[in-house]
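Asks: In the working numbering, the protein residues as written are 1 to 78.
Be a bit skeptical, because a hint or two may be false.
Distance condition first, Cα-Cα at most 27 Å in a straight line; then the derived DSSO-like pairs of lysine-lysine [to be verified]:
hint : residue 1 : residue 2
1    : 76        : 9
2    : 14        : 76
3    : 77        : 9
4    : 14        : 77
Calculated directly from the structure, the hints in this document are not laboratory data.
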Amino acid sequence: MEAITARAKNIGVKRIFCLTFETQFFGRHGFEIIDGTPVEPDVYAELLRSYDAGIAEFLDLESVKPNTLGNTRMLKKL
């Protein structure tokens, strides 16, 4: 996790998102559970154009099936 975080910082990434069952693990590494829209409106609008089901699930769009598996959306600000 430290290597990934360092690499992300190195290339200018400001936030790391994850969709996970392992909330304790990611919490220990500085991730926080998020609710609502985790990005600015212009980024959100761009992500809406994606055909990736994972993006739709992460954005919690109504068009995807309900999160019956219990995945949690988490964010780490770098």
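Asks: If a hint holds in the structure, say so; if it does not, say that too.
Replies: Comparing the hints with the structure gives:
Taking the CA atoms of residue 76 and residue 9, the gap is near 12 Å; set against the 27 Å cutoff, the hint holds. The suggested pairing of residue 14 with residue 76 holds, with an alpha-carbon distance near 9 Å, which does not exceed 27 Å. Of the pairs offered as hints, the one joining residue 77 and residue 9 holds, with about 10 Å between alpha carbons and a cut-off of 27 Å not exceeded. A C-alpha spacing of about 6 Å is found between residue 14 and residue 77, which places the hinted pair at or below 27 Å, so the restraint holds.
Of the numbered hints given earlier, the model fails none.
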